[in-house]
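The sequence shown runs 1 to 368 under this note's numbering.
Wrong hints could be hidden among the right ones.
The list that follows gives simulated cross-link-like pairs (lysine-lysine, DSS-like), each with its CA atoms no further than 27 Å apart [said to hold, decoys possible]:
{"#": "1", "residue 1": "Lys253", "residue 2": "Lys143"}
{"#": "2", "residue 1": "Lys168", "residue 2": "Lys143"}
{"#": "3", "residue 1": "Lys306", "residue 2": "Lys209"}
{"#": "4", "residue 1": "Lys144", "residue 2": "Lys253"}
{"#": "5", "residue 1": "Lys306", "residue 2": "Lys253"}
{"#": "6", "residue 1": "Lys269", "residue 2": "Lys142"}
{"#": "7", "residue 1": "Lys246", "residue 2": "Lys297"}
{"#": "8", "residue 1": "Lys246", "residue 2": "Lys354"}
Rather than coming from a laboratory, the hints here were simulated on the basis of the structure.
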Amino acid sequence: MGFQNLVDFATFPRSGSILDAVYVNNHYYRATRRHPIGSSDHYSICIMPKYTEKHRETKQRPRRRERDIRDNNLCILRETIASTDWNIFTETCPTLNELTEVVSCYIQFVSDICVPTRTVPTAEMMKRLPADDNIRRMEERKKKAIEVGNNAERNRLQRTINRYIYRKRSEHFERIATDSTSLWNFLKSVRNPHKNDNKVTISRELGSKLDTHFGRFNSAVIKDITLNLPHRSVNDTPGIERDQVKRQFGLVKRGVASGIDNIPWWVFKYCSNEIADIFTVIFNESIKQSIIPSDWKHAKTTPVPKICSPASVNDYRPIDISSIGFNCLQKLLLSYVTQSIDEHGDPNQFAYRKGISCTDAILTLSMA
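Given only the sequences and the hints, what does the whole structure look like? Please build it.
Written out as C-alpha coordinates, the structure reads:
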(Lines of atoms letter the chains of each structure in order from A and count residues from 1; the text may use other names and numbers.)
(Lines give C-alpha, C1' and ligand atoms only; values in the text may rest on other atoms or scores of the structure.)
Protein backbone atom coordinates (compact mmCIF):
# COMPACT_ATOMS: atom_id res chain seq x y z
CA MET A 1 0.00 0.00 0.00
CA GLY A 2 3.05 2.29 -0.13
CA PHE A 3 3.59 2.56 3.63
CA GLN A 4 7.18 2.64 4.88
CA ASN A 5 8.62 2.10 8.33
CA LEU A 6 10.56 5.09 9.65
CA VAL A 7 12.20 3.21 12.51
CA ASP A 8 15.57 1.83 11.40
CA PHE A 9 17.26 1.71 14.82
CA ALA A 10 17.02 -0.58 17.84
CA THR A 11 14.18 0.30 20.19
CA PHE A 12 14.71 -2.45 22.79
CA PRO A 13 18.09 -1.93 24.50
CA ARG A 14 18.29 -5.36 26.14
CA SER A 15 18.41 -7.36 22.92
CA GLY A 16 19.26 -4.55 20.52
CA SER A 17 16.29 -5.40 18.29
CA ILE A 18 13.62 -3.34 16.57
CA LEU A 19 10.32 -4.02 18.34
CA ASP A 20 8.51 -0.81 17.47
CA ALA A 21 7.48 0.57 14.10
CA VAL A 22 5.93 3.72 12.68
CA TYR A 23 4.46 3.49 9.18
CA VAL A 24 3.81 6.50 6.95
CA ASN A 25 2.93 6.82 3.28
CA ASN A 26 5.29 9.67 2.40
CA HIS A 27 8.80 10.91 3.09
CA TYR A 28 7.85 14.09 4.92
CA TYR A 29 8.77 12.80 8.39
CA ARG A 30 11.85 11.43 10.08
CA ALA A 31 12.22 9.35 13.25
CA THR A 32 14.88 9.81 15.93
CA ARG A 33 15.58 7.82 19.07
CA ARG A 34 15.05 9.38 22.50
CA HIS A 35 15.54 8.21 26.08
CA PRO A 36 12.91 5.91 27.65
CA ILE A 37 10.02 7.64 29.34
CA GLY A 38 9.74 6.85 33.04
CA SER A 39 10.42 3.18 33.83
CA SER A 40 9.78 1.96 30.30
CA ASP A 41 12.23 -0.59 28.87
CA HIS A 42 11.77 0.72 25.31
CA TYR A 43 13.31 3.77 23.74
CA SER A 44 10.88 6.54 22.87
CA ILE A 45 10.53 7.58 19.24
CA CYS A 46 10.29 11.22 18.16
CA ILE A 47 8.56 11.86 14.83
CA MET A 48 9.40 15.24 13.31
CA PRO A 49 8.45 16.67 9.93
CA LYS A 50 11.28 17.20 7.50
CA TYR A 51 11.80 20.93 7.17
CA THR A 52 14.56 22.90 5.53
CA GLU A 53 15.16 26.39 6.86
CA LYS A 54 14.81 29.22 4.40
CA HIS A 55 18.43 30.30 4.69
CA ARG A 56 19.48 26.72 3.87
CA GLU A 57 17.32 26.57 0.76
CA THR A 58 19.50 29.16 -0.95
CA LYS A 59 22.56 27.98 -2.77
CA GLN A 60 25.44 27.59 -0.38
CA ARG A 61 28.85 28.88 -1.25
CA PRO A 62 31.37 26.11 -1.88
CA ARG A 63 33.65 25.46 1.03
CA ARG A 64 37.20 26.60 0.71
CA ARG A 65 39.79 23.99 -0.19
CA GLU A 66 43.43 24.46 0.63
CA ARG A 67 46.61 22.50 1.18
CA ASP A 68 46.79 20.67 4.49
CA ILE A 69 50.07 22.12 5.77
CA ARG A 70 49.90 20.56 9.19
CA ASP A 71 53.03 19.26 10.88
CA ASN A 72 52.71 15.61 9.85
CA ASN A 73 52.38 16.43 6.14
CA LEU A 74 55.23 18.94 6.27
CA CYS A 75 57.47 16.35 7.97
CA ILE A 76 56.79 13.91 5.14
CA LEU A 77 57.58 16.62 2.59
CA ARG A 78 60.85 17.51 4.33
CA GLU A 79 61.94 13.88 4.48
CA THR A 80 61.11 13.37 0.80
CA ILE A 81 63.04 16.44 -0.35
CA ALA A 82 65.95 15.68 2.00
CA SER A 83 66.33 12.20 0.48
CA THR A 84 66.62 13.65 -3.03
CA ASP A 85 69.98 13.38 -4.78
CA TRP A 86 70.36 16.79 -6.40
CA ASN A 87 73.47 15.67 -8.28
CA ILE A 88 71.21 13.79 -10.68
CA PHE A 89 69.62 17.09 -11.70
CA THR A 90 72.86 19.04 -12.04
CA GLU A 91 74.62 16.29 -14.02
CA THR A 92 71.79 15.51 -16.45
CA CYS A 93 70.64 19.08 -17.19
CA PRO A 94 73.12 20.76 -19.57
CA THR A 95 71.67 24.28 -19.42
CA LEU A 96 70.51 26.57 -16.65
CA ASN A 97 67.03 26.91 -18.16
CA GLU A 98 66.53 23.15 -18.21
CA LEU A 99 67.86 22.75 -14.66
CA THR A 100 65.50 25.41 -13.31
CA GLU A 101 62.50 23.94 -15.12
CA VAL A 102 63.20 20.36 -13.98
CA VAL A 103 63.81 21.36 -10.35
CA SER A 104 60.64 23.48 -10.25
CA CYS A 105 58.51 20.68 -11.72
CA TYR A 106 59.99 18.15 -9.31
CA ILE A 107 59.36 20.29 -6.22
CA GLN A 108 55.81 21.02 -7.38
CA PHE A 109 55.20 17.30 -8.00
CA VAL A 110 56.51 16.28 -4.57
CA SER A 111 54.54 18.98 -2.76
CA ASP A 112 51.30 17.94 -4.49
CA ILE A 113 51.79 14.32 -3.39
CA CYS A 114 52.99 14.88 0.18
CA VAL A 115 50.61 17.73 1.04
CA PRO A 116 47.03 16.86 -0.01
CA THR A 117 44.14 19.30 -0.18
CA ARG A 118 41.40 19.44 2.41
CA THR A 119 38.07 21.20 2.84
CA VAL A 120 38.27 23.87 5.52
CA PRO A 121 35.25 23.72 7.89
CA THR A 122 33.24 26.90 8.26
CA ALA A 123 33.81 26.95 12.01
CA GLU A 124 37.57 26.89 11.48
CA MET A 125 37.39 29.76 9.00
CA MET A 126 35.38 31.85 11.48
CA LYS A 127 37.87 31.21 14.28
CA ARG A 128 40.89 32.09 12.18
CA LEU A 129 42.74 35.27 12.93
CA PRO A 130 45.44 37.02 10.91
CA ALA A 131 48.87 35.47 11.32
CA ASP A 132 50.06 36.50 14.77
CA ASP A 133 53.29 35.32 16.36
CA ASN A 134 51.88 35.68 19.88
CA ILE A 135 48.95 33.36 19.16
CA ARG A 136 51.26 30.88 17.45
CA ARG A 137 53.71 30.80 20.34
CA MET A 138 50.97 30.37 22.94
CA GLU A 139 49.42 27.54 20.92
CA GLU A 140 52.78 25.76 20.76
CA ARG A 141 53.24 26.13 24.52
CA LYS A 142 49.71 24.83 25.07
CA LYS A 143 50.43 21.74 22.94
CA LYS A 144 53.57 21.04 24.96
CA ALA A 145 51.60 21.40 28.21
CA ILE A 146 49.02 18.91 26.94
CA GLU A 147 51.75 16.44 25.97
CA VAL A 148 53.36 16.50 29.43
CA GLY A 149 49.98 16.46 31.19
CA ASN A 150 50.29 19.87 32.86
CA ASN A 151 46.62 20.79 33.12
CA ALA A 152 47.20 23.94 35.17
CA GLU A 153 49.54 25.40 32.55
CA ARG A 154 47.15 24.37 29.78
CA ASN A 155 44.20 26.12 31.45
CA ARG A 156 46.26 29.24 32.10
CA LEU A 157 47.38 29.44 28.47
CA GLN A 158 43.84 28.85 27.23
CA ARG A 159 42.56 31.75 29.33
CA THR A 160 45.37 33.94 28.01
CA ILE A 161 44.55 32.97 24.42
CA ASN A 162 40.84 33.72 24.94
CA ARG A 163 41.60 37.16 26.38
CA TYR A 164 43.98 37.90 23.52
CA ILE A 165 41.41 36.86 20.90
CA TYR A 166 38.72 38.94 22.61
CA ARG A 167 40.97 42.00 22.61
CA LYS A 168 41.85 41.52 18.93
CA ARG A 169 38.19 41.17 18.00
CA SER A 170 37.34 44.32 19.93
CA GLU A 171 40.07 46.22 18.12
CA HIS A 172 38.78 44.89 14.80
CA PHE A 173 35.20 46.05 15.46
CA GLU A 174 36.42 49.43 16.68
CA ARG A 175 38.40 49.82 13.48
CA ILE A 176 35.30 48.93 11.45
CA ALA A 177 33.12 51.35 13.41
CA THR A 178 35.42 54.26 12.56
CA ASP A 179 35.28 53.44 8.84
CA SER A 180 31.78 53.92 7.42
CA THR A 181 32.48 51.97 4.23
CA SER A 182 33.77 48.92 6.09
CA LEU A 183 30.87 49.14 8.54
CA TRP A 184 28.23 49.12 5.79
CA ASN A 185 29.96 46.27 3.99
CA PHE A 186 29.96 44.30 7.24
CA LEU A 187 26.24 44.97 7.81
CA LYS A 188 25.42 43.92 4.25
CA SER A 189 27.32 40.67 4.68
CA VAL A 190 25.42 39.95 7.91
CA ARG A 191 21.98 40.71 6.45
CA ASN A 192 22.52 38.82 3.20
CA PRO A 193 25.58 36.56 3.48
CA HIS A 194 24.69 34.54 0.35
CA LYS A 195 24.54 37.50 -2.00
CA ASN A 196 27.18 37.19 -4.68
CA ASP A 197 29.63 40.02 -5.06
CA ASN A 198 29.33 42.17 -8.14
CA LYS A 199 31.82 40.67 -10.54
CA VAL A 200 33.22 42.62 -13.44
CA THR A 201 32.45 40.92 -16.75
CA ILE A 202 35.02 41.31 -19.50
CA SER A 203 33.98 40.83 -23.10
CA ARG A 204 36.09 38.96 -25.60
CA GLU A 205 37.01 42.17 -27.41
CA LEU A 206 38.09 43.90 -24.19
CA GLY A 207 40.06 40.81 -23.18
CA SER A 208 42.01 40.95 -26.44
CA LYS A 209 42.74 44.63 -25.87
CA LEU A 210 43.97 43.90 -22.35
CA ASP A 211 46.30 41.19 -23.66
CA THR A 212 47.74 43.56 -26.25
CA HIS A 213 47.95 46.49 -23.84
CA PHE A 214 49.70 44.70 -20.98
CA GLY A 215 51.61 42.29 -23.21
CA ARG A 216 53.62 45.09 -24.77
CA PHE A 217 55.88 45.09 -21.71
CA ASN A 218 57.02 41.58 -22.63
CA SER A 219 58.17 42.60 -26.09
CA ALA A 220 61.35 40.98 -27.37
CA VAL A 221 62.73 44.33 -28.57
CA ILE A 222 66.01 45.04 -26.80
CA LYS A 223 66.78 48.66 -26.11
CA ASP A 224 70.32 49.97 -25.85
CA ILE A 225 70.90 51.20 -22.32
CA THR A 226 74.06 53.10 -21.51
CA LEU A 227 75.80 51.41 -18.61
CA ASN A 228 77.38 54.00 -16.33
CA LEU A 229 78.52 51.46 -13.75
CA PRO A 230 81.93 49.90 -14.45
CA HIS A 231 82.13 46.25 -15.39
CA ARG A 232 83.36 44.04 -12.61
CA SER A 233 85.88 41.29 -13.17
CA VAL A 234 85.12 37.61 -12.68
CA ASN A 235 86.75 37.66 -9.27
CA ASP A 236 84.45 40.47 -8.12
CA THR A 237 81.31 38.55 -9.05
CA PRO A 238 79.22 38.15 -5.90
CA GLY A 239 78.79 34.60 -4.66
CA ILE A 240 75.73 33.51 -2.73
CA GLU A 241 76.18 31.18 0.22
CA ARG A 242 73.80 28.44 1.26
CA ASP A 243 73.05 30.09 4.61
CA GLN A 244 71.98 33.27 2.82
CA VAL A 245 69.55 31.35 0.62
CA LYS A 246 68.15 29.44 3.60
CA ARG A 247 67.65 32.63 5.59
CA GLN A 248 65.98 34.43 2.68
CA PHE A 249 63.60 31.52 2.09
CA GLY A 250 62.68 31.56 5.76
CA LEU A 251 61.67 35.22 5.45
CA VAL A 252 59.02 34.50 2.80
CA LYS A 253 55.70 35.90 3.96
CA ARG A 254 52.81 33.62 4.72
CA GLY A 255 50.14 33.49 2.03
CA VAL A 256 52.18 35.14 -0.74
CA ALA A 257 51.01 34.08 -4.19
CA SER A 258 53.13 31.67 -6.22
CA GLY A 259 54.47 32.51 -9.64
CA ILE A 260 54.36 30.70 -12.95
CA ASP A 261 56.27 27.72 -11.49
CA ASN A 262 53.40 27.08 -9.00
CA ILE A 263 55.73 26.40 -6.08
CA PRO A 264 53.75 27.57 -3.02
CA TRP A 265 55.11 29.80 -0.29
CA TRP A 266 55.07 27.10 2.40
CA VAL A 267 57.62 25.03 0.47
CA PHE A 268 60.13 27.90 0.61
CA LYS A 269 59.32 28.83 4.21
CA TYR A 270 59.04 25.43 5.89
CA CYS A 271 61.46 23.46 3.66
CA SER A 272 64.15 26.14 3.35
CA ASN A 273 66.86 23.86 4.73
CA GLU A 274 66.05 21.06 2.28
CA ILE A 275 65.84 23.12 -0.95
CA ALA A 276 68.63 25.59 -0.14
CA ASP A 277 71.34 23.43 -1.74
CA ILE A 278 69.88 23.18 -5.24
CA PHE A 279 68.71 26.80 -5.31
CA THR A 280 72.17 27.96 -4.25
CA VAL A 281 73.55 26.18 -7.32
CA ILE A 282 70.91 27.78 -9.56
CA PHE A 283 71.51 31.27 -8.13
CA ASN A 284 75.29 31.08 -8.51
CA GLU A 285 75.07 29.71 -12.05
CA SER A 286 72.66 32.49 -12.97
CA ILE A 287 75.09 35.11 -11.65
CA LYS A 288 78.12 33.43 -13.20
CA GLN A 289 76.55 33.13 -16.66
CA SER A 290 74.68 36.47 -16.41
CA ILE A 291 71.53 34.64 -17.48
CA ILE A 292 68.08 34.66 -15.91
CA PRO A 293 66.25 31.34 -16.36
CA SER A 294 63.48 31.62 -18.93
CA ASP A 295 60.84 30.37 -16.46
CA TRP A 296 61.63 33.26 -14.14
CA LYS A 297 61.13 35.80 -16.93
CA HIS A 298 57.42 34.95 -17.06
CA ALA A 299 54.89 36.31 -14.59
CA LYS A 300 51.18 36.06 -13.95
CA THR A 301 49.58 39.35 -14.96
CA THR A 302 46.15 40.05 -13.45
CA PRO A 303 44.29 43.23 -14.50
CA VAL A 304 42.64 44.78 -11.42
CA PRO A 305 39.91 47.41 -11.99
CA LYS A 306 40.67 50.90 -10.74
CA ILE A 307 37.00 51.92 -10.71
CA CYS A 308 33.69 50.13 -10.16
CA SER A 309 32.65 50.01 -13.82
CA PRO A 310 35.76 49.83 -16.02
CA ALA A 311 35.20 50.53 -19.70
CA SER A 312 38.68 50.76 -21.26
CA VAL A 313 42.13 49.28 -20.76
CA ASN A 314 43.25 52.42 -18.91
CA ASP A 315 40.75 51.60 -16.15
CA TYR A 316 42.77 48.51 -15.17
CA ARG A 317 45.97 48.21 -13.18
CA PRO A 318 48.29 45.27 -13.96
CA ILE A 319 49.42 43.14 -11.02
CA ASP A 320 52.40 40.94 -11.90
CA ILE A 321 53.25 37.90 -9.78
CA SER A 322 56.65 36.39 -10.47
CA SER A 323 58.31 33.31 -9.02
CA ILE A 324 59.06 33.37 -5.30
CA GLY A 325 62.53 31.94 -5.92
CA PHE A 326 63.34 34.73 -8.37
CA ASN A 327 62.12 37.35 -5.88
CA CYS A 328 64.46 35.90 -3.27
CA LEU A 329 67.36 36.11 -5.73
CA GLN A 330 66.57 39.77 -6.38
CA LYS A 331 66.63 40.53 -2.65
CA LEU A 332 69.95 38.75 -2.25
CA LEU A 333 71.51 40.78 -5.09
CA LEU A 334 70.02 44.09 -3.94
CA SER A 335 72.79 44.76 -1.43
CA TYR A 336 75.48 44.32 -4.11
CA VAL A 337 73.66 46.60 -6.54
CA THR A 338 73.07 49.35 -3.98
CA GLN A 339 76.73 49.19 -2.99
CA SER A 340 77.76 49.82 -6.61
CA ILE A 341 75.31 52.71 -6.85
CA ASP A 342 76.76 54.35 -3.74
CA GLU A 343 80.30 54.00 -5.11
CA HIS A 344 79.80 54.97 -8.75
CA GLY A 345 76.27 56.38 -9.05
CA ASP A 346 74.96 59.89 -9.39
CA PRO A 347 75.02 61.77 -6.06
CA ASN A 348 71.61 63.24 -6.90
CA GLN A 349 70.01 59.80 -7.13
CA PHE A 350 67.65 59.02 -4.27
CA ALA A 351 66.19 55.64 -5.24
CA TYR A 352 67.83 52.40 -4.08
CA ARG A 353 70.26 54.20 -1.79
CA LYS A 354 70.60 53.28 1.85
CA GLY A 355 69.41 55.94 4.29
CA ILE A 356 67.94 58.17 1.54
CA SER A 357 64.23 58.44 0.76
CA CYS A 358 61.71 60.55 -1.13
CA THR A 359 61.71 63.05 1.73
CA ASP A 360 65.34 63.89 0.98
CA ALA A 361 64.47 64.40 -2.69
CA ILE A 362 61.62 66.78 -1.80
CA LEU A 363 63.78 68.75 0.63
CA THR A 364 66.62 68.99 -1.90
CA LEU A 365 64.23 70.26 -4.58
CA SER A 366 62.49 72.76 -2.30
CA MET A 367 65.73 74.21 -0.92
CA ALA A 368 67.48 74.42 -4.29
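*Does the structure break any of the earlier hints, and which numbers would those be?*
none
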